[in-house]
Amino acid sequence: MTKRYVLVHDENKCIGCQACNVACRSENNVPESVTRLQVRIEGPYGNFPNLHFKYNRVSCEQCENAPCVKVCPTGAAYVNDDGIVSINENKCVGCLYCVAACPYKVRFINPETRVPDKCDFCKSTRLARGEDPACVTVCPTQALVFGDANDVNSEVRQVLDTKANYQQKVNLGTEPRVYRIPSRKGGIKA
Amino acid sequence: MKLDRRTFIKGAGAGTAGCMLATLPGSIAALGKTSISGSEQSIASICEMCSTRCPISARVVDGKNVSILGNKQAKSFGGAVCARGGAGHSQLYDKQRIVKPLKRVGERGEGNWQEIEWDEAYATIAENLNRIKAQHGAQSVAFSSKSGSLSGHLFHLAKAFGSPNTFTHASTCPAGYVVAAKAMFGGKIKRDLGNSKYIINFGHNLYEGINMSETRGMMNAQMEKGAKLVVFEPRFSIVADKADEWYAIKPGTDVAVALAICHVLINDDLYDREFVARYVEGFAEFAKEVKAYTPEWAESVSDVPAEDIRRISHEYAAAAPHAVVDFGHRASFTTEEFEMRRALYAANVLIGNIERKGGLYFGKKASKYNKFAGEKVAPTLAKPGVDNMPKIDAKRIDMVDEQFSLLWSSGGVYQSILDATLSAQPYQLHAWVMSRTNPMQTMTDRARIVETMKKLDFVVACDIYISEGAAYADIFLPESTYLERDEEIVDKSGKSPAYYVRQQVVDVIGDTKPSWQIWKELADSLALGEYFPWQNMDTLRLFQVDKDTRLLADIKQRGWLSYGKPLMLRETSMVKDFVAQYPNAIEPDADETYASRLSFKTPSGKIELSSKKVEGFAPGRGVIKYREVALKKADELFFIQGKVAVHTNAATQNVPMLANLMSDNAVWIDPVTAGLFNISSGDKIRIYNATGSEEGHALVTPGIRPDTVFAYMGCGSKNKELARATGKGVHCGNLLPHVTSPVTGMNLHTTGVKIAKL
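Protein sequence lines correspond, in order, to chains A and B.
Add 44 to the 1-based position in the first sequence for our numbering, that's all there is to it.
Add 6 to the 1-based position in the second sequence for our numbering, that's all there is to it.
Mixed in with the good hints there might be a few duds.
Claimed, not checked - Below 25 Å or equal to it, Euclidean Cα-Cα: the simulated DSS-like pairs (lysine-lysine) are:
no.: 1; chain 1: B; residue 1: K231; chain 2: A; residue 2: K207
no.: 2; chain 1: A; residue 1: K229; chain 2: B; residue 2: K256
no.: 3; chain 1: B; residue 1: K203; chain 2: A; residue 2: K207
no.: 4; chain 1: B; residue 1: K519; chain 2: B; residue 2: K188
no.: 5; chain 1: B; residue 1: K461; chain 2: B; residue 2: K109
no.: 6; chain 1: B; residue 1: K78; chain 2: A; residue 2: K167
no.: 7; chain 1: B; residue 1: K101; chain 2: B; residue 2: K519
FYI, nobody ran anything at the bench for these hints, they're computed from the structure.
None of the values given here were measured: they were computed from a predicted structure.
Turn these sequences into a full structure, and let the hints guide you.
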């Protein structure tokens, strides 16, 4: 694998404003009834007045060990050279195995194309033009860092090397490429 | 159709496609247009999904979409756009947007419309306004517009017509801090959150009411520079969540805590004596007054522990002068708004953070900046003036009371339109021309506004949707959205001069016009065309740049032009850099600052902590003072509102992408309070008081004081034209009483309510 694209979501900087959600929808023409990306403001947790929200980014985790790819009978779900979990629409027979297999529940059937859809880091549009994914570009508080973790000089590598971070459901062995910097309030102390 | 496995499952998630609406006359749906055209190359422009008006860069993609990103030339905005900005295209080609002039054909507010041509619209308006002018005088017509953007063109029309009664939305939103700043500093002041080390925030929710450069600045200060943020707010908002300390202050008592901070600063000798001696007028009177406002007293009023107020005041003073008490934005938490905003400013003045990094500062527009530099660093813009404007003898309707004098030239007391219409105070209004304003939601006491609209002889609304206010118009004028129009160059100076400009990205959809053109053409119909001597927007822009076509081309190309180095007059490092850059710059003082050049446009030329002028027009208010106010009855709960990041007040609830994110506003209720009424999350509830009654649903959450309920404002529209918003959620304006706060003229946004499970 030549590149290892990863995304870091800083839950301290995220304000749950949905700028990413809207930018994603606009960039990728995501139909109204489905979504590739949301930030869910969960909580507040804790006891008054010691409360905190959790800012939970919900989008494809780009697993290194992706269950959706493993279960796909036709090879329509595959991992690209850059590590991005991708979909070959022509090979898809619509069996929905991938949707069922995703432990993060982020694959869905696009009602217009009728094939599975999900976040692909804007790879055919923005990434192909050398730009960051739409969500990263518009984020008002710079809560997202994106880049090639194989590049030792990349910002994303620096962030991962210096800030405590976690991934979701690591116990499943999926090895997600979306990393999260926990909130200093009620976050996971890594 | 080929039937395969994929066709078989196509129903999944396609639920909204079958939802058909009766076609609204004049809407894009009625027009039947689906494709869009415009520039495929990125054009620098200005957003208008809220009034922060961020610099954007936009282009049409494949004739069906518009990509909207931030303009990276504007560094402090960082190329970012928020959810509302990113959804601008969804508003542009929303099938429910109105793109053809309409006239009312049923009863006012009934919702029966007929498409008409512009000529008929102008002729009808001209006939009615000229008749009313002849019978009752020009002053009997009120003109109102959301401030900024093209509002000046409507107000110019009002002046040409002969009416002094022009209003912005000020008294429903920002007038509090504007009026208080005028009284103390002689004009508006800015905050340097990005460089602040200690920020005290009284419910200025910059993480939901996003103001891009300030939001980014504060987050950067917090996360990258270790600034401490203390928030006093009755609700656990996003800014409260991001704070180092959050205090669930009792609604409307912010002024008590602010005065107690001032008390500690003076009593514990933490204030900047030298600054006060040099720049402040009326300190002794103020010090005498705040002697009584101890933290213990403030605790009894506000529920904020005295020891915390004392400790926070000491921490704040220790970070001085790179510390700030945020003076807030939309408010009127209390009728004592004037005292509250002044008390917040006072806490800044006492630590001498004026013109210091991380404190407060004045905008450095080109004329001022160039004077300091001793050379023309930035161009200045010319303002077109029109000779021989008619003399207006009539007084404004809000001139009944001198205490509102600071607001007369800053938007006026908007809600005085209601009093003038319903009770002829001080005289009878007969018509209302409104543009891009939705008083039915943003003003208080909705029933009274309905009554006003029904009583008027003639109502004109210019907007992009038939908003709740526009629903009561006789003539509706469809305005081009910000993506379809050109405007004048705008001054956006901060610590150094900057300009930006709105430019057309998309070809006009349907039969709409930019409002500068609408008011100019209406002036022609009113036989007032001589007062609009310019041809078009290009003429106006060329006039602004004094025919410097290169400058104009540059601004249009980059969309954002900033000049020089940031300058704060009392900040040594900045003054040093400035002087090094500009050899002809004014000689700094001995302490290497421009401290001696800092002056204030007040009667004394100093910061008026206490003001004889204010005492003159509002007896008893010269010195900042606490007054107890009853915001609710004993058996009621406080009702407060706020902003959410995905909507702009009452303007965006019908925009498809944003409605999809949030179309309803749950009422936040504390678990113990909810238990008393047997209310659970999701339950249908009634929320009511003497002003009105609303139905909504409950969100039971510990993120609110037990004596308070909260809802995001702007939902619960009652007109059928806003199909995605109508009837969804609680209409806040229907629960807020018609009260005007002293001096600031502000509507009141805190009141008492009762709740009941349905």
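Right, here's what the structure says about each hint:
1. As the CA atoms of K231(B) and K207(A) are separated by approximately 15 Å, the hinted pair is consistent with the 25 Å bound.
2. The hinted pair formed by K229(A) and K256(B) meets the criterion: a straight-line CA distance of about 24 Å does not exceed 25 Å.
3. A hinted pair counts as satisfied when its Cα atoms are at most 25 Å apart, and K203(B) with K207(A) qualifies at roughly 22 Å.
4. Between K519(B) and K188(B) the CA atoms are separated by roughly 36 Å; this puts the pair beyond 25 Å, and the hint is violated.
5. About 18 Å separates the Cα atoms of K461(B) and K109(B), which keeps this hinted pair within 25 Å; it holds.
6. Of the supplied pair hints, the one linking K78(B) and K167(A) holds, its CA atoms being roughly 22 Å apart against a limit of 25 Å.
7. Among the hinted pairs, K101(B) with K519(B) is consistent with the structure: their alpha-carbon atoms are about 18 Å apart, no more than 25 Å.
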